[in-house]
Amino acid sequence: MCCCYCWPGEKKEKGVSLIKKLAALLAILFLALNSTGCWDLWEIEERGLVLGLGIDEIPLEEVADSVGLEGQLQEEHSNRGVRITYQFAIPAGLSGDEKGGEGPGFYNLTTSAPMSNLIFRGLAATRASRKADVEQLQVLILGEKLSRAGIFSVLDRLVRDPNVRKHVPVFVTQDDVAEVLTVYTKQDAAPAIYLAELMRNNDWAHRIAPEMRLGQVLRGMREKAVFVVPRVTVGEQDSKLAGAGVFYGDRLKFWLGEEETIIYRWVINEVEVSPIIATLPDSKSAKLINGYSASRNKTTIRPVIEDDRLKFEIKVMTKGELLERQSFESAWQDDLLKEIAIELAEILKKDMEALIKKTQQEWQLDIFDFGRSVERHYPQVWKDIKNDWHDQYYPAAEIDLEVNLTISRTGVLR
Amino acid sequence: MEQPRDRITPTQLTIVLISAILGIDGFAMPGMVVAAAGRDGWLSLLLGGGWLLVAAMSLAFLGGMFPRQSPINWLPKLMGKWPAKLFITLHCVFYLVMCAWSLRIFTDMIRIYLLPRTPTEVIMITFLISVAYLIVNGIDPLVRVTQVFFPFTLIPFLLLGIVIKGRMDFGEILPVMANGFLPVLKGLPPAIAVFVGWGIIMYLMQFLDKPKKGYKAVGIGVGFLLLFFLWSFILTLSHFGPVEMKYLLFPVIDFVREIEIANVLLEKLDLFLLTFWILTVFVTVAFTYYIPVLIGTQALGFRDNEGLVFLALPLIFLLARLPKGFKTTELIGVVIGYISLFFSLAVVLLLLLAWRKKRKGGIPN
Numbered sequence: 001m002c003c004c005y006c007w008p009g010e011k012k013e014k015g016v017s018l019i020k021k022l023a024a025l026l027a028i029l030f031l032a033l034n035s036t037g038c039w040d041l042w043e044i045e046e047r048g049l050v051l052g053l054g055i056d057e058i059p060l061e062e063v064a065d066s067v068g069l070e071g072q073l074q075e076e077h078s079n080r081g082v083r084i085t086y087q088f089a090i091p092a093g094l095s096g097d098e099k100g101g102e103g104p105g106f107y108n109l110t111t112s113a114p115m116s117n118l119i120f121r122g123l124a125a126t127r128a129s130r131k132a133d134v135e136q137l138q139v140l141i142l143g144e145k146l147s148r149a150g151i152f153s154v155l156d157r158l159v160r161d162p163n164v165r166k167h168v169p170v171f172v173t174q175d176d177v178a179e180v181l182t183v184y185t186k187q188d189a190a191p192a193i194y195l196a197e198l199m200r201n202n203d204w205a206h207r208i209a210p211e212m213r214l215g216q217v218l219r220g221m222r223e224k225a226v227f228v229v230p231r232v233t234v235g236e237q238d239s240k241l242a243g244a245g246v247f248y249g250d251r252l253k254f255w256l257g258e259e260e261t262i263i264y265r266w267v268i269n270e271v272e273v274s275p276i277i278a279t280l281p282d283s284k285s286a287k288l289i290n291g292y293s294a295s296r297n298k299t300t301i302r303p304v305i306e307d308d309r310l311k312f313e314i315k316v317m318t319k320g321e322l323l324e325r326q327s328f329e330s331a332w333q334d335d336l337l338k339e340i341a342i343e344l345a346e347i348l349k350k351d352m353e354a355l356i357k358k359t360q361q362e363w364q365l366d367i368f369d370f371g372r373s374v375e376r377h378y379p380q381v382w383k384d385i386k387n388d389w390h391d392q393y394y395p396a397a398e399i400d401l402e403v404n405l406t407i408s409r410t411g412v413l414r
Numbered sequence: 415m416e417q418p419r420d421r422i423t424p425t426q427l428t429i430v431l432i433s434a435i436l437g438i439d440g441f442a443m444p445g446m447v448v449a450a451a452g453r454d455g456w457l458s459l460l461l462g463g464g465w466l467l468v469a470a471m472s473l474a475f476l477g478g479m480f481p482r483q484s485p486i487n488w489l490p491k492l493m494g495k496w497p498a499k500l501f502i503t504l505h506c507v508f509y510l511v512m513c514a515w516s517l518r519i520f521t522d523m524i525r526i527y528l529l530p531r532t533p534t535e536v537i538m539i540t541f542l543i544s545v546a547y548l549i550v551n552g553i554d555p556l557v558r559v560t561q562v563f564f565p566f567t568l569i570p571f572l573l574l575g576i577v578i579k580g581r582m583d584f585g586e587i588l589p590v591m592a593n594g595f596l597p598v599l600k601g602l603p604p605a606i607a608v609f610v611g612w613g614i615i616m617y618l619m620q621f622l623d624k625p626k627k628g629y630k631a632v633g634i635g636v637g638f639l640l641l642f643f644l645w646s647f648i649l650t651l652s653h654f655g656p657v658e659m660k661y662l663l664f665p666v667i668d669f670v671r672e673i674e675i676a677n678v679l680l681e682k683l684d685l686f687l688l689t690f691w692i693l694t695v696f697v698t699v700a701f702t703y704y705i706p707v708l709i710g711t712q713a714l715g716f717r718d719n720e721g722l723v724f725l726a727l728p729l730i731f732l733l734a735r736l737p738k739g740f741k742t743t744e745l746i747g748v749v750i751g752y753i754s755l756f757f758s759l760a761v762v763l764l765l766l767l768a769w770r771k772k773r774k775g776g777i778p779n
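For the protein sequence lines, the chains are W and F, in the order given. All residue numbers for the first sequence refer to the numbering used here, where the first residue is 1 and numbers rise by one. All residue numbers for the second sequence refer to the numbering used here, where the first residue is 415 and numbers rise by one.
Treat the hints with caution; some may be incorrect.
What the hints assert, rightly or not - Calculated pairs, EDC-like style, for lysine to aspartate or glutamate (alpha carbon to alpha carbon, straight line, at most 16 Å):
hint, chain 1, residue 1, chain 2, residue 2
1, F, 660, W, 223
2, W, 357, W, 398
3, F, 660, F, 720
4, W, 20, F, 720
5, W, 224, W, 391
6, W, 166, W, 156
7, W, 349, W, 391
8, W, 298, W, 398
9, F, 682, W, 135
10, W, 166, W, 135
11, W, 224, W, 402
12, W, 166, F, 681
13, W, 319, W, 402
14, W, 350, W, 211
15, F, 682, W, 133
Unchecked claim - Some chain F residues flagged as far from chain W (calculated, every beta-carbon gap over 12 Å):
hint, residue
16, 487
17, 523
18, 536
19, 564
20, 625
Worth flagging that the hints you see were computed from the coordinates, not collected in a lab. The beta-carbon is built from N, C-alpha and C at its ideal position, and this holds for glycine as well.
Next up, chain W with everything else stripped away, as it sits in the complex (with noise of 0.2 Å):
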């Protein structure tokens, strides 16, 4: 009995037969061969990575125009036709160094068909010579035609594929996509990489809106909900991240401004830091002014229901600090900090009661995601109204809106 447990290796008793010690090598000859995984071999040398995708549509005329759709077999299977910008990388560009190659980090490859993402690949590798990797992808970049139009058609091959991460910060820009894509600063190496990196100080500098990932649009498409996404704008020397585009559903419908943007991300509470500046009221000659930098804020928003109407509290609790003062006053003084954030109040309050009112009035549009709180707070109530939700119910709410604001610190100075 106890040869049968032998493990390969130990002494083997008297006994074991040829056969078996055959059988034995087969078998780790078999595995050991299997276990290297050949088929899935992909040197990162032979991968194209993709940085970066721009997706834009285009007349159906003009795709035939381009190289390579000589020969079609059948008729076009869409009616759209769509251009795509890959940003392939150059990795010895990317690295920086000195031995590295002088070239860009990266090269861009556009190419137009009908709608099928699918299609692309292939019209991709008749080009690129090494296979697209879309694993690394940092941005996806969307444009205003195809927006317009819908998106869930280009995007829906990119999210059924594994390998395509849902992480991936998404944009929606009026200019041309394929510029997007070639415009950066020397401080990154590739446009992909210097927008990926753009969108990081969203965290700072407000008049960009919160990031946008791939799976959120999914979720927002799939929910038929309103999301926003951030916009870039193409310049000659940088691009602009700021602004917003808001979708419905998969089209895009209306543009979110700078300044609105700031006050978009007050009212779904996603400010970190943010500036408000009011007037001077004293001022003889100039208009000065008093900034406030709010450090740490809250914003709650209840749905109240009463006498068959619809009130939404929204209450805005800010702290900061008073971290500008056109004026020689001292700022240190209880009654004068009380009347500088009383008005700054009243100017927060008046911005965020306007564009509320805006979204009601104008686009009959929530993008605050309003009706979530009233599906939580009245679940039933909501199964009624959640159909004309936007255009209905939401235009003729109430609006409640109360905002405290505490100069805590005047920074350095008194």
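Add chain F to chain W, keeping to what the hints say.
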């Protein structure tokens, strides 16, 4: 060379239970529970898991009543000779199917996420041969290997402990029971199905060196799993929301994929999750392979496992290759879940029966 001792401690039992049950259904579970119960899926998990805790501990009590005896010995005393034989035969077949099903799901997931171009047969055969080699030597090496793997299998737990910054809204579980109690009931089958594999307790109790402590070990194991599944459900629900989760095949993997710490310092953590998950699946397949072999060896009076192990190998391989697509595999999983549910009812009834018999006049040992 030491003889296998054929004894396991209660701690080892807990570890085995956790490793064997975790892994197969855990990744897809949040999606299936949400599809059935919506936001209130956590209540289904709580109720279902609670029930399963009762059933598992009943099984431990049953085993404890007949220390060091295989169910082949004591089941006939409770049920009668032929019902017991039928029950055990069906159970044996059930575990063979479950082994094949686990193997199939494992292979499918490995092919999707890690090795898309490797042939299925290669993955399955290498896996089965490794498992067979381990099982041939009896329960002791098997349990020791599980012990060795256990710290690594805890790593997926740790990964789920990391909460993603931003857009994690724990309020997604509200409003609670907005649609009444029905969704919670509908969510019970998938919630109980995630614990499938708990029945191995029945055959492991005979090896316990302290049979009376079995119920504690089982209680801790199932309790831990319940908490873990509850937590993973709440996390994925808070991140994805109920609507999207219905569409995701493996919400847990997608969740871990999106963890990004310190801005790109640590990302793509799903690779770690998948790699260490392989170890738990190994344990699951090993035990569901071992149990039918054990039953067969004991029932047929063989001296050691070798023969049946190598007989079962091609059988399991063929069974694993049988389902044509993922939908069929999922359906088999649903059926297995329901069978597991009925089994839990049967077990509790058995326990009550045993208690009654003991009180009446004792059972011949």
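Each hint, compared with the structure:
1. Between residue 660 of chain F and residue 223 of chain W, the direct Cα distance comes to roughly 11 Å. Compliance with the 16 Å bound is thereby established for this hinted pair.
2. Restraint check for residue 357 of chain W and residue 398 of chain W: satisfied, since their Cα atoms lie roughly 10 Å apart, inside the 16 Å limit.
3. Only pairs whose Cα atoms come within 16 Å are accepted, and residue 660 of chain F paired with residue 720 of chain F is rejected, the gap being roughly 44 Å.
4. At most 16 Å may separate the alpha-carbon atoms for a hinted pair to count; residue 20 of chain W and residue 720 of chain F meet this at roughly 14 Å.
5. Between residue 224 of chain W and residue 391 of chain W, the direct Cα distance comes to roughly 14 Å. Compliance with the 16 Å bound is thereby established for this hinted pair.
6. For the proposed pair residue 166 of chain W and residue 156 of chain W, the alpha carbon gap of about 11 Å is at most 16 Å, so the pair holds.
7. For the given pair, residue 349 of chain W sits about 24 Å from residue 391 of chain W by alpha-carbon distance, which is inconsistent with the 16 Å threshold.
8. Only pairs whose Cα atoms come within 16 Å are accepted, and residue 298 of chain W paired with residue 398 of chain W is rejected, the gap being roughly 21 Å.
9. At roughly 9 Å between alpha-carbon atoms, residue 682 of chain F and residue 135 of chain W fall within 16 Å of each other, so this suggested pair holds.
10. Distance restraint check for residue 166 of chain W and residue 135 of chain W: the Cα-Cα separation of roughly 10 Å lies within the 16 Å cut-off, and the hinted pair is therefore satisfied.
11. The straight-line distance between the Cα atoms of residue 224 of chain W and residue 402 of chain W is roughly 30 Å, outside the 16 Å bound, and the hint therefore fails.
12. Our distance criterion of 16 Å between C-alpha atoms is met by residue 166 of chain W and residue 681 of chain F, whose separation comes to about 12 Å.
13. Proposed proximity of residue 319 of chain W and residue 402 of chain W is supported: the alpha carbons are some 14 Å apart, at most 16 Å.
14. As the CA atoms of residue 350 of chain W and residue 211 of chain W are separated by approximately 26 Å, the hinted pair breaks the 16 Å bound.
15. Only pairs whose Cα atoms come within 16 Å are accepted, and residue 682 of chain F paired with residue 133 of chain W is accepted, the gap being roughly 15 Å.
16. Every CB of chain W is more than 12 Å from the CB of residue 487 of chain F (nearest about 24 Å), matching its label as outside the interface.
17. At the 12 Å boundary, the C-beta of residue 523 of chain F falls inside the reach of chain W, the nearest C-beta of that chain being 10 Å off.
18. Not every C-beta of chain W lies more than 12 Å from that of residue 536 of chain F, the closest at about 5 Å, which undercuts listing it as non-interface.
19. Under the 12 Å C-beta cut-off, the non-interface status given to residue 564 of chain F relative to chain W holds; the minimum distance is some 22 Å.
20. Every CB of chain W lies more than 12 Å from the CB of residue 625 of chain F, the least distance being 27 Å, so the non-interface label holds.
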